[in-house]
Structures are given as C-alpha cells and as structure tokens.
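> Please take these sequences and the hints and turn them into a complete structure.
2 protein chains.
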Amino acid sequence: MAKTTETSKMARSAAQERKDKITIKAIEGVANEVYSSIMKGHKPDLTMPVRSLSNVSYDQKRGYFEIGRSKKVRTLTVNTVKTFAQTLKMMALSKDLIASNDFATKRDAYYQSKNWQEAKFDEQPESDTVMDDIEAMFSVHDVSREELRFVPQEHGGAVAGELTVIDRDLESGKKIVIDCTQFGSGAYSVPSWVEHLEFKTSAKFILAIETHGMFQRLQSHNFWKKSQCILVSMGGVPTRACRRFVRRLSDENKLPVYAFTDCDPYGISNIYRTLKVGSGNAAHINRFFSVPNASYLGLMPQDIIDWDLKDATHKLTEIDVKRASDALKNDPFFLEHKPWAKAIQQLVKMGVRAEQQALSKHGLNFVMDEYLPAKLKKPELFLP
Amino acid sequence: MAKTTETSKMARSAAQERKDKITIKAIEGVANEVYSSIMKGHKPDLTMPVRSLSNVSYDQKRGYFEIGRSKKVRTLTVNTVKTFAQTLKMMALSKDLIASNDFATKRDAYYQSKNWQEAKFDEQPESDTVMDDIEAMFSVHDVSREELRFVPQEHGGAVAGELTVIDRDLESGKKIVIDCTQFGSGAYSVPSWVEHLEFKTSAKFILAIETHGMFQRLQSHNFWKKSQCILVSMGGVPTRACRRFVRRLSDENKLPVYAFTDCDPYGISNIYRTLKVGSGNAAHINRFFSVPNASYLGLMPQDIIDWDLKDATHKLTEIDVKRASDALKNDPFFLEHKPWAKAIQQLVKMGVRAEQQALSKHGLNFVMDEYLPAKLKKPELFLP
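Protein chains in written order, with our numbering: chain A, 1 to 384; chain B, 1 to 384.
Certain hints may be false.
Just so you know, same-sequence chains aren't split out, so a pair can sit in one copy or run between any two.
Claimed, not checked - Keeping only pairs whose Cα atoms sit at most 27 Å apart, straight-line, the calculated DSS-like set for lysine-lysine is:
hint	residue 1	residue 2
1	LYS120	LYS106
2	LYS329	LYS342
3	LYS175	LYS200
4	LYS200	LYS174
5	LYS43	LYS95
6	LYS174	LYS204
7	LYS95	LYS40
8	LYS175	LYS225
9	LYS315	LYS120
10	LYS89	LYS315
11	LYS310	LYS106
12	LYS106	LYS375
13	LYS226	LYS175
14	LYS349	LYS226
15	LYS322	LYS174
16	LYS61	LYS338
17	LYS378	LYS95
18	LYS82	LYS175
19	LYS349	LYS322
20	LYS19	LYS106
21	LYS114	LYS349
22	LYS225	LYS174
23	LYS106	LYS315
24	LYS82	LYS106
25	LYS114	LYS310
26	LYS322	LYS25
Note that these hints are calculated values from the structure, not bench results.
Have a look at this one:
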C-alpha cells in the first residue's frame, strides 16, 4: 500500500480533506478515551446505540426512521477481550484507509483480519457484527461507514440526465468531469461509495425508477431532456450507495425526488419506503441514507382505474396481502401517513397489482408521452 | 409512436441499417411462407428448433453449447390457432419496432398484447414462451432476439478502461462518444441491448470480474491503465446484455477475455461456464451470447496453495459439492476439458472454497500489485 500513500495528499478534494479530518478526529476521540481509561487503571469501555427495532422512532419532521436513545456499553473483560480488540483493530484499519486514501469492503476487512493474530475473525458474520457496531458507534458522531472508508460490495445504480458528476482520480487527484447527458442508451454506473463526488445540475427533479426496463425506455428516448430531470435506475430496492447518491444530490441541489415503482405492496412498502425513510433494522444509518425529499409519483392504486389498466393487472398473491397488512399494522411510516394507509387499503380491496410497464398497453411510449407529463403537472398530488 | 417514426431513418448507423434490413427480410420470409400456404389452400406451419437439454451438443472447435437438429413444427389447427396467431402478432410487433427504431422488453410485449383482442395473452408466461419460440425460430436465420428488438429488463454490467463506445441518440441519430477511461470511481453502465454500439480500443485483453467489490478496487486504482485492459463487472452470473457486449467487443477487436471469479463451483461452473459456452437450456441463443475467446485466470484451486490462502478459505457447503459433482458427471463442457475436471476434483478434495477477495489477506492492493501481474505473465496457463 506504500505506493498509494505517497500520492494520497494530492488526491483529495478540499471537501474530502475536511471530511477525512473530521473522521480521523472521531476515531482518535474514541481511541483516546480507551487509552486514558487504561492509564487511570480503569476498565475501558465502548458505547454504542442499541441496534434493534425496539429502539426506533419515526418523526415526520425529521423525515426518517431514527435510532432511539438506548445505548449498550461494551466494557473490557475476560469475555469481551477478543471483540474489544477486534473493534479497535477495525478502527485502526479505518484510520489506515483514510491515510492511504483507500477503501475496503466488508469482505476485504474480514480477510485483512487474518493478519491480526489472536484478534483475527474466524467467520465473516463476526466481522460484519463488529463493523455494524462501529457504524452505530460513529453514527452518533455524524460519521457514516462510508466516511470510515468501509464501502458496500454493490454499485449504486445507473444514472442519466441533466447532471454533471465531478470525481477525482484516486491516485493523481486529477479532476474527472462526467456529463450524464452523453450516454446514449447507456448510463453512468454509480460507484459503491459516493462521499467524494461533487455535482452540478440544472435539473428540476430526480426520477427514481424501480425497473431497469423502464429506465432504459426513458433514457433511450431522452425523457430527461424533455422534462429537465435526472433519471435513476434503482433496480429493485435501492442499494446503500444508490440511496446515498440520491440523498446527496437532492440535498445539495434542493431537488425533489419522485419515485416511480410498480403498484404493489413490494414497490410501495419495500422500495419506496426504504428510499424515503430507510429501514427499521438499520435505523442508526438512516440519517445518511434516507431521502426525506422523496414523494411518490406512481403507480397509485387509483391509477389502475384512472388510466384504464384493469385488464393489465395481476392478482395480489398471499405474500402481497401479508406484506400490505404488515405495513398497515406495524410500519410507523404507514401508521403516520393516513393517505398512504388509505391507498394500501384500496389496493387490497381491489385485489390486484399493476407493474409500471402495464402502461405499455396503451403504446410503448405512452408512459413518456402521456402518463408522466400528466402526473408531473401536479406534483402536489404525490403521496408523501 | 408516430413522433418517433418520423426521425427513425436518420437515427441509425449504416451498420444498424444493414442489420435491420436482414431482420426485416427474415420476418417477411417466414410470414410469406405462411401466406402462400394459405393461398394454396394448405394449412400453414411454423418450424422451430426443439428447446430442450436433449437437443444440445458441445463442440470445442465451435466453442459453445449448440442447439441440435430436432425441430418442432407448429401447424395451424383448432388447437393451435391462438398460439399461432400470437406468434404472428409478435412477429408483426417486431417489425413495427424496427420501423420505429424502438425496442420492447418481454413485459412491454406482454402488455402490448392486451390490444390484440382474441389473441391477447392472459398470463406473462404464455407470452414469454411465444417469445422464446420466436427467438429459437429466428436463431436459425442468424437473427437474435435483440435484433428483433425484444430486449432484456437487465442492464449489461459496468465497464471501465481502455475503450471508447460509440452510440447514437435514438431520436436524432447524432453520434455519442463515450470514453471509458474517464469515469473516476464510477463506470459505464452497459445498456440492455448492445447491437447498435460500435467500439474503438487499444486494450490488450478484457478482464471479466465476478464481484463489483473487486471491480471497484481495480477501477479506482486504474488497474486498466497499468495493464492496458478493459474491466467488466459481471456482478454474478453475467446477464444476456453483458455476455453479448463482451462477445462483440472480443470478436470485433480480437481480444482475449480473462475471467476472474471466486474459486468455488458456482464461480467456475455457473459464472465462467455460462460466460464461455452459454447455458444448456438456452442453446439456441448461445451462438450470439457465448464468449469462446474466454479463458480462466483464477482463482484456481492451486492458487489457494500457491498464494498461501488456506486460512482465508471457507468450507465447501453441501450445495457446492453437489454442484461440483453435477458438473463432473453431466456438463459437456467439463466432460470435454480434462484439465477442468482435474481442477474441480482437486477443489472437492481440498474441501474448501476461496473468494477472490481472499487475496486481501496479503494487503488490499495485493491483487493488483502482485497476483494479477504474475498471472498475466503466463496466460498460456489459464484453463480453457
């Protein structure tokens, strides 16, 4: 890694340099507390939020599922010594990664540990748990896992439209300018981590699309040009990198995000809800990954009636119905938003679901020529 | 679709125009036979290859799993009238798509059928079967489903490196030049269909990578520049579009393709074997989608020993072992290539599997600084 380290100082933007300093400071803060406890002859401990559904709340104003105040304290004892050491080694790895301007996936970190002698992980789930703990611990300091340079395996979706992304060569620090209007039928594949990216855009909104098939249609026919927007292909439930990309893009440019998914409990409660408020069992990270600016364009259950799609629907499966009733009973998001509860009830009552491509019934480009333009005239009608 | 049609003639490259003419000719050929049968007072029929494993062969020289000579004939009768009509309607849709320079996914085609009165499909599996039949029927005329403008839902993977892709604006026909060296940490997201793309490259080989995590490392650290290559992220078993992209790129530029996957039966027999020779149950399309120029760089079972990865392995699961013994017993590819059978036997005997990121044990960039350069010095040792 030595070669990489030498050039690392030049290779960062000023914004990245600032972020890295904050992250290093947070790591050193935790480490120093451990150190001074030991120096005083006390048992050192590490404090982190409890990661469980019982420690989650949802406040509309804040806009995402939030971690509660319950904390767990891991004190150094004979029983915790290995995990304690692993946690500190993992923090040290993070510090090294920042120093060398590099990054590691969960897998990479697990394999790196094979050199940690007694502190090595035997199985990857152990290593994942320690990483999740660290993520929760540092989320309190407003530092995300990606800022610690632990990055996901998955890419962040495909993007096209009125957007310029500014990246930097990791080794030379040279600026790289990516014009997302210049992809033809292809697209910009968002990297696994996006903290270092900068954006320039004249778009009026972001359209986050469930299926790549629909994205491909809108992209190939330059829908982004006609409606001055940025198209994002989520490809099902959006990955961490995809959600963070949309969040940063939306926040920094004050852009509304319109979600366009299938009209079924999966599209609504898994894909859209995850995009907007995050997920319950990862509440400590939703502050980074939720997209509070998101609202729901369609397909709405009412669209099936209004747009004459009845004969292009499928019956709801048992799983669909279970998913819907779970959302209505237990999901703070749907409990909070009455219009959403109503829409889901309507869907269950109709007993059918519709895919976004059902609009093809009226012609392949109907979605672009009729449906979306009509919808986009009244964004105030989109569900929250 | 009228708007689109007007500009369609300008919007094609000369190569695309030629291909489209061939496709239209093939469609009209089949349609004319049906027509003239009817005019002669005969029952018309449609002939297509039998799509089943029993009708598959593998010839090393040809380089892919090939469909055999068994044919099925669908004659117009009272029982077949609906499927017969649907097949012709689907062919007509293909012709319309070419005329308007547009495309449709399986889903789009299914929903379009809702306007075919008596010939409409009730369920999508029916529509998929007819599309598969058409695909098999036209594969005999060397026309692929993508050339019929029926395109997959999925994108074609992520690409970066020494490559320029030339695309065209679907509506204006304007050339779009995409420089795949200019993506920073991101990448070029390959579209769902790639027949219309043109390539310029000075690369010496294509590196097809199983995981996006490994791709991200090689891409961010400009491995493609150091080794003058093109990086492709397959993200597991490569999609149709990904395989076709690699195939065309490799054929047209005479580039070898080196596959880099996990060392386990899935990486070898599912990912690599599918990339190289295609799959048994879609043998009628392998002539378009297989990549005969592919060879296998690693991880090899022997790499686990040679590169001291033993403590970074996982035990083979029951599924792994079953997959391996299936490959050894039934897969024509592994039956044909003895060195492959040997390698798989060695893996089963060792009882472990290794992920490509296991190399991180020796340092995050060891793969780039040591492993790949050493391997690339002796491509003659790669398994076929």
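> So, for every hint listed, does it hold in this structure?
Going through the hints against the structure:
no. : hint              : in the structure
1   : LYS120 <-> LYS106 : within (14 Å within a copy, 49 Å between copies)
2   : LYS329 <-> LYS342 : within (13 Å within a copy, 56 Å between copies)
3   : LYS175 <-> LYS200 : both (14 Å within a copy, 24 Å between copies)
4   : LYS200 <-> LYS174 : both (18 Å within a copy, 24 Å between copies)
5   : LYS43 <-> LYS95   : within (24 Å within a copy, 76 Å between copies)
6   : LYS174 <-> LYS204 : between (29 Å within a copy, 25 Å between copies)
7   : LYS95 <-> LYS40   : within (25 Å within a copy, 81 Å between copies)
8   : LYS175 <-> LYS225 : both (26 Å within a copy, 17 Å between copies)
9   : LYS315 <-> LYS120 : between (51 Å within a copy, 17 Å between copies)
10  : LYS89 <-> LYS315  : between (52 Å within a copy, 26 Å between copies)
11  : LYS310 <-> LYS106 : between (45 Å within a copy, 19 Å between copies)
12  : LYS106 <-> LYS375 : between (41 Å within a copy, 25 Å between copies)
13  : LYS226 <-> LYS175 : between (29 Å within a copy, 19 Å between copies)
14  : LYS349 <-> LYS226 : neither (37 Å within a copy, 60 Å between copies)
15  : LYS322 <-> LYS174 : neither (52 Å within a copy, 49 Å between copies)
16  : LYS61 <-> LYS338  : within (16 Å within a copy, 65 Å between copies)
17  : LYS378 <-> LYS95  : neither (48 Å within a copy, 37 Å between copies)
18  : LYS82 <-> LYS175  : neither (43 Å within a copy, 59 Å between copies)
19  : LYS349 <-> LYS322 : within (13 Å within a copy, 45 Å between copies)
20  : LYS19 <-> LYS106  : within (21 Å within a copy, 46 Å between copies)
21  : LYS114 <-> LYS349 : between (55 Å within a copy, 24 Å between copies)
22  : LYS225 <-> LYS174 : between (29 Å within a copy, 15 Å between copies)
23  : LYS106 <-> LYS315 : between (40 Å within a copy, 19 Å between copies)
24  : LYS82 <-> LYS106  : within (19 Å within a copy, 53 Å between copies)
25  : LYS114 <-> LYS310 : between (58 Å within a copy, 11 Å between copies)
26  : LYS322 <-> LYS25  : neither (46 Å within a copy, 50 Å between copies)
Against the hints set out earlier in the document, violations occur for numbers 14, 15, 17, 18 and 26.
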